[in-house]
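Peer 1: First to last, the sequence lines map onto chains F and D. Per our numbering, the first sequence starts with residue 1, numbered consecutively. Per our numbering, the second sequence starts with residue 1, numbered consecutively.
Worth flagging that the hints you see were computed from the coordinates, not collected in a lab. From a predicted model like this one, the values you see are computed outputs, not experimental measurements. Don't be surprised by glycine CBs; every beta carbon is placed ideally from N, CA and C. Some hints here could point you the wrong way.
With a straight-line cut-off of 27 Å between C-alpha atoms, the simulated BS3-like cross-links for lysine-lysine are [to be verified]:
id	chain 1	residue 1	chain 2	residue 2
1	F	K140	F	K111
2	F	K168	F	K140
3	F	K54	F	K111
4	D	K37	F	K140
5	F	K163	F	K185
6	D	K37	F	K185
Among chain D residues calculated to face chain F with C-beta under 10 Å, some are [what the hints assert, rightly or not]:
id	residue
7	R58
8	S77
9	D92
Just so you have them, the derived chain F footprint on chain D, three or more residues with Cβ under 8 Å [stated by the list, open to error]:
id	stretch
10	35-44
11	65-72
12	81-89
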Amino acid sequence: MGGNTSSLVIDRLCDQSRQGGLAVAWLYCDYNVGQEQTIVNMMGAILKRLVDRKIPEDIRKAFEEGRRPTLADLMRMLRIAIASLPQVYICIDALDECLPNDLPELLGSLKDIVRESPRTRIFLTGRPHVREAIQRYFIKAVTIPISPKEEDIRNYVVMRLDKDDTPKAMNNHLRGEILRIILEKMADMYVGVSPLYLGFILTDGCVDSSLSH
Amino acid sequence: MANATYAQTITFGDNNVNCGNTIWSYKTIYNSDDDAKIMHWLSPLLPDNRHHSVRTNRFEGVGDWLLETSEFQEWRSGEGGADQAVLFCSGDPGVGKTYLRSVAGFF
Chain F
1 MGGNTSSLVI DRLCDQSRQG GLAVAWLYCD YNVGQEQTIV NMMGAILKRL
51 VDRKIPEDIR KAFEEGRRPT LADLMRMLRI AIASLPQVYI CIDALDECLP
101 NDLPELLGSL KDIVRESPRT RIFLTGRPHV REAIQRYFIK AVTIPISPKE
151 EDIRNYVVMR LDKDDTPKAM NNHLRGEILR IILEKMADMY VGVSPLYLGF
201 ILTDGCVDSS LSH
Chain D
1 MANATYAQTI TFGDNNVNCG NTIWSYKTIY NSDDDAKIMH WLSPLLPDNR
51 HHSVRTNRFE GVGDWLLETS EFQEWRSGEG GADQAVLFCS GDPGVGKTYL
101 RSVAGFF
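Generate coordinates for the entire structure from the input sequences, incorporating the hints supplied.
Peer 2: Structural data, given as structure tokens:
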């Protein structure tokens, strides 16, 4: 399961929302959700996050009418909710896991939201191939490729060392050596390897053989 | 099935004084049964649950560099208007974790 990047961004934005003024809504697309992951339910999920503090009257009334909300209903409610908030962030994880037919509609709906409230910020993640679809709706979307960084390994190793069961056996020199050797080994293994192929390499037993050398 | 999942996250009829904080809390507590029903009516999807489980399994400190990039900071500032509304992080899911699991093999 992915979602690491999105969850970090969501947490960072939520931390700031405590200082007031920000509202953060999110959605993790997931093949496994199946038929419930419709465009209507996806926009509804975003709206839920924005109104759960205080449900607006228009939503209450629509609910009391007793029929299922349509996409048009939800977009209207979203526009009202967003307009009433100073700054809204919408984060959607794994766009490639939304049904192919729903993707254009989802991006089109986000585009409508931004057109109406230009301060709205949209954070998206997905496999590289969805970039083309995104740029059809948001020509100037900024793309950041996510691949493992040396700093990530460093942080992870430090975290593992901090959890060491035998702290008495550890000292700064040993810590430094462990970190240095691991980073060197990782660099040897993955120089010039695109992250795309990393998964295949790792499942091929390459790590084990490289460690035993 | 949908109802069962629904019940996990929503506490009915709890007049919790902290409910004003729910915009950033992960367990949403509604003021009344009606509020909970309205939320379910808006969408049966439960993004809060998913977020909670993703962050529980997250490797702490990994990926933090993104938050420090100028692209992220500019996007977050909201100054750019509609043109700069979207930030897209592209990658193959799980690659970072697979990579770190291989680091874990060193321990």
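Peer 1: If a hint holds in the structure, say so; if it doesn't, say that too.
Peer 2: Hints, verified against the model:
1. Under the criterion of a C-alpha separation no larger than 27 Å, the hint pairing K140(F) with K111(F) is consistent with the structure, at around 12 Å.
2. For the hint pairing K168(F) with K140(F), the CA-to-CA distance comes to about 54 Å; that exceeds 27 Å, so the pair is violated.
3. Between K54(F) and K111(F), the direct Cα distance comes to roughly 26 Å. Compliance with the 27 Å bound is thereby established for this hinted pair.
4. The hinted pair formed by K37(D) and K140(F) fails the criterion: a straight-line CA distance of about 39 Å is larger than 27 Å.
5. This hinted pair checks out: K163(F) and K185(F) have alpha carbons roughly 22 Å apart, not beyond 27 Å.
6. A C-alpha spacing of about 54 Å is found between K37(D) and K185(F), which places the hinted pair above 27 Å, so the restraint is violated.
7. Hint on R58(D) holds. Least Cβ distance to chain F is approximately 6 Å, under the 10 Å limit.
8. Given hint, S77(D) at the interface with chain F, holds; its Cβ is 9 Å from that chain's nearest Cβ, closer than 10 Å.
9. Hint status for D92(D) relative to chain F: holds, with the closest Cβ pair at about 6 Å, below 10 Å.
10. Beta-carbon proximity to chain F at under 8 Å applies to 8 residues in the stretch 35-44 of chain D; the threshold of 3 is reached and the given coverage holds.
11. Check on the stretch 65-72 of chain D: 6 of its residues sit with their Cβ under 8 Å from a Cβ of chain F, so the three-residue criterion for coverage holds.
12. Counting residues of the stretch 81-89 of chain D whose C-beta lies closer than 8 Å to any C-beta of chain F gives 9; at least three are required, and the coverage claim holds.
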